[in-house]
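All chains should be built: construct the whole structure from the sequences, respecting the hints.
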Amino acid sequence: MSMASKGQQNRPSEARLREKLHILWNEINRNKVKYVMIAPFMISFFLFVFLPALSSIILSFTNFNMLQRPDFIGYQNYAKLLLHDEVFAIAIRNTLLIAFITGPLSYLLCFILAWLINELSRPLRVLLTVVFYAPSISGNAYLIWKLIFSSDVYGYANSKLIDWGFLQEPVLWLQDPQYIIWIIILVQLWLSLGVSFLAFIAGLQNVDRTLYEAGAIDGVRNRWQELWYITLPSMKPQLLFGAVMQITSSFSVGEVSMQLAGFPSVAYAGRTVLTHLIDYGTIRFEMGYASATATLLFLSMIFANLVIQQLLRKVGQ
Amino acid sequence: MMAKEKRLEVRYGTRLNRSLAGDIILFSFLALLGSFSAWPMAFVINNAFKPLNEILLFPPRLFVRNPTLSNFRDLVSLMSNSWVPLSRYVFNTLFITCLGTAGSVFISSLAAFPLAKFRFPGSGIISKMIVYSLMFSAAVTGIPSYIIISRLGLLDSYGAILLPTFGTTLGLYLMQNFMGQVPNELIESARMDGAGDFRVYWSIMMPLARPAWLTLVILQFQGLWGTTGGTYIYSEKLKPLSYALSQIVDSGVARTGVAAAVALFMLIVPLTVFVISQSNVMETMATSGIKE
Numbered sequence: 001m002s003m004a005s006k007g008q009q010n011r012p013s014e015a016r017l018r019e020k021l022h023i024l025w026n027e028i029n030r031n032k033v034k035y036v037m038i039a040p041f042m043i044s045f046f047l048f049v050f051l052p053a054l055s056s057i058i059l060s061f062t063n064f065n066m067l068q069r070p071d072f073i074g075y076q077n078y079a080k081l082l083l084h085d086e087v088f089a090i091a092i093r094n095t096l097l098i099a100f101i102t103g104p105l106s107y108l109l110c111f112i113l114a115w116l117i118n119e120l121s122r123p124l125r126v127l128l129t130v131v132f133y134a135p136s137i138s139g140n141a142y143l144i145w146k147l148i149f150s151s152d153v154y155g156y157a158n159s160k161l162i163d164w165g166f167l168q169e170p171v172l173w174l175q176d177p178q179y180i181i182w183i184i185i186l187v188q189l190w191l192s193l194g195v196s197f198l199a200f201i202a203g204l205q206n207v208d209r210t211l212y213e214a215g216a217i218d219g220v221r222n223r224w225q226e227l228w229y230i231t232l233p234s235m236k237p238q239l240l241f242g243a244v245m246q247i248t249s250s251f252s253v254g255e256v257s258m259q260l261a262g263f264p265s266v267a268y269a270g271r272t273v274l275t276h277l278i279d280y281g282t283i284r285f286e287m288g289y290a291s292a293t294a295t296l297l298f299l300s301m302i303f304a305n306l307v308i309q310q311l312l313r314k315v316g317q
Numbered sequence: 318m319m320a321k322e323k324r325l326e327v328r329y330g331t332r333l334n335r336s337l338a339g340d341i342i343l344f345s346f347l348a349l350l351g352s353f354s355a356w357p358m359a360f361v362i363n364n365a366f367k368p369l370n371e372i373l374l375f376p377p378r379l380f381v382r383n384p385t386l387s388n389f390r391d392l393v394s395l396m397s398n399s400w401v402p403l404s405r406y407v408f409n410t411l412f413i414t415c416l417g418t419a420g421s422v423f424i425s426s427l428a429a430f431p432l433a434k435f436r437f438p439g440s441g442i443i444s445k446m447i448v449y450s451l452m453f454s455a456a457v458t459g460i461p462s463y464i465i466i467s468r469l470g471l472l473d474s475y476g477a478i479l480l481p482t483f484g485t486t487l488g489l490y491l492m493q494n495f496m497g498q499v500p501n502e503l504i505e506s507a508r509m510d511g512a513g514d515f516r517v518y519w520s521i522m523m524p525l526a527r528p529a530w531l532t533l534v535i536l537q538f539q540g541l542w543g544t545t546g547g548t549y550i551y552s553e554k555l556k557p558l559s560y561a562l563s564q565i566v567d568s569g570v571a572r573t574g575v576a577a578a579v580a581l582f583m584l585i586v587p588l589t590v591f592v593i594s595q596s597n598v599m600e601t602m603a604t605s606g607i608k609e
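Just so you know, the protein sequences line up as chains A and B, in that order.
Position 306 of the first sequence, counted from 1, bears residue number 306 in our numbering, the numbering being contiguous throughout.
Basically our numbering = 1-based index in the second sequence + 317.
For the record, the hints were derived by calculation from the structure and aren't laboratory data.
Among the hints, erroneous ones may be present.
[Unchecked claim] Label-pair ranges, simulated between beta-carbon atoms:
1) B:L469 to A:I73: 27 to 33 Å
2) B:S552 to A:A15: 34 to 40 Å
3) A:Q76 to B:N501: 48 to 54 Å
4) A:K32 to B:G497: 19 to 25 Å
5) B:S467 to A:L21: 35 to 41 Å
6) A:K32 to B:F412: 29 to 35 Å
7) B:S552 to A:V315: 48 to 54 Å
8) B:G513 to A:A89: 52 to 58 Å
9) A:P123 to B:G513: 39 to 45 Å
Virtual Cβ for every residue (Gly too), placed ideally from N, Cα, C.
Put into structure tokens, the structure is as follows:
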């Protein structure tokens with residue numbers, strides 16, 4: 001919609017910069033209403049999102065214990081994190097493993113379920129949406145998993161596996177470093193039907209119905225072709241949104257680990273980058289160090305986002 | 318033309334490109350996953366009606382054997398002699414939740430429209446900042462946020478909860494993505510008819526982005542309904558209901574039954590909002606999506 005400004009005047013003697021500023025000013029003037037429309041949001045965003053994030057990035061170059069003034073120590077926090085912090089190395093390994101498995105899988109799960117639900121009659125659709133969203137809304141989502149993986153013979157997993165003869169004695173599922181990370185991944189997958197799931201459901205309502213009829217005439221034979229050639233290309237904005245949501249949630253797994261494996265977990269087996277920064281930020285009060293951890297997490301999400309945006313361009317081709 | 322119509326007719330049922338076998342496989346898959354997902358909600362609902370001996374049973378049973386309303390009776394009698402009248406807590410929660418949800422949906426969609434549809438100086442950078450800020454962990458921004466809120470004199474007021482929700486980047490990003498899908502031709506033809514930016518927003522963008530803002534209503538309502546005021550609100554008379562209820566629950570094992578009733582109550586309101594707005598999201602199905 002942008003148009004070249006009409007305010008250009010022929011003033012060869014003026015410096016180019018001044019002319020540019022003049023054009024910019026005219027552009028801003030022409031779009032006054034738009035600035036008014038974004039102003040309420042921008043004020044709140046600037047004060048409560050942008051400024052806090054910016055201060056955290058600045059604090060990441062300081063030593064700050066929340067009582068005394070922060071003092072500037074350059075990149076020392078980052079050097080310590082990356083070179084000397086062995087627990088952080090475990091945290092990175094776990095976080096990457098969780099992100100690489102749960103990110104793509106739960107993205108697919110969200111989309112496939114939203115798409116399948118979309119096939120049903122309306123009351124059934126609403127019912128199933130409620131059912132699948134239930135873990136995000138009912139506030140006790142971890143309880144069932146604590147029961148299943150309880151370490152005594154009453155835990156569902158142990159009691160069944162002993163009954164069937166696979167186990168002789170109960171396994172300490174949530175205390176054994178060998179199992180912890182996989183249980184976290186499993187539960188994270190189960191919890192994944194959140195924001196992106198709802199966005200996909202809403203996005204499917206926006207697809208132009210007549211495209212399906214046109215597609216059928218043009219030779220789309222089954223639901224899978226219909227999905228690839230019509231539905232997915234019509235939903236690109238939602239796919240993009242879902243990808244960003246998936247990156248943020250799969251890189252910042254922390255609550256699941258703290259609830260199931262405890263905090264700190266046995267041998268740091270459930271340590272993630274997020275629990276690492278929660279540890280330093282809220283227990284040890286080393287805000288500078290916690291902020292450096294957050295900044296690194298932030299940079300890795302931005303990188304993941306760039307990669308995924310490239311992949312999403314290929315959809316429907 | 319005749320041949321094409323005939324080909325469309327022979328397909329299964331009234332729907333295009335669907336086979337019965339595919340339907341059966343897919344729906345049994347849904348039912349299996351669904352029964353597993355429904356567990357936490359079924360547990361909350363059943364627990365609220367269990368007598369104490371059933372709640373404390375280990376391992377717990379999902380379904381209630383001898384349903385009772387005693388948990389709710391206990392809750393009512395506990396709430397009736399609270400320090401601040403119960404109705405004040407209810408007012409606080411309704412005020413924060415309704416104003417916060419409506420305000421943030423309005424403000425973020427109002428800002429999303431120009432950012433989704435136009436280019437103007439600064440628009441590109443603002444959009445980038447918003448996406449990237451979604452990726453910054455909230456776990457370390459707590460302290461700076463607290464300092465900012467206190468400097469603005471917002472501590473211990475509704476504003477400490479409300480104003481930050483108006484800048485929710487998730488909402489803006491969601492709306493921006495959906496509004497980007499609205500064809501430019503629709504906007505241009507409305508402008509030909511003399512509609513200004515705000516008019517286009519209100520009578521073209523918002524109706525077409527209905528599934529998106531109904532989804533946003535769910536997310537915001539759910540978040541605000543559960544907020545306890547945290548470190549920002551310390552006057553008892555300004556605290557929301559969820560805080561008062563959590564105080565009751567925290568008083569120990571003797572309150573287990575009441576806690577189950579509270580859990581159901583805290584679930585049922587956002588659940589109702591969820592069902593209402595989801596059925597509206599899906600209603601638009603009949604109006605066959607966005608076209609030019």
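Hints the structure fails to honour: 2
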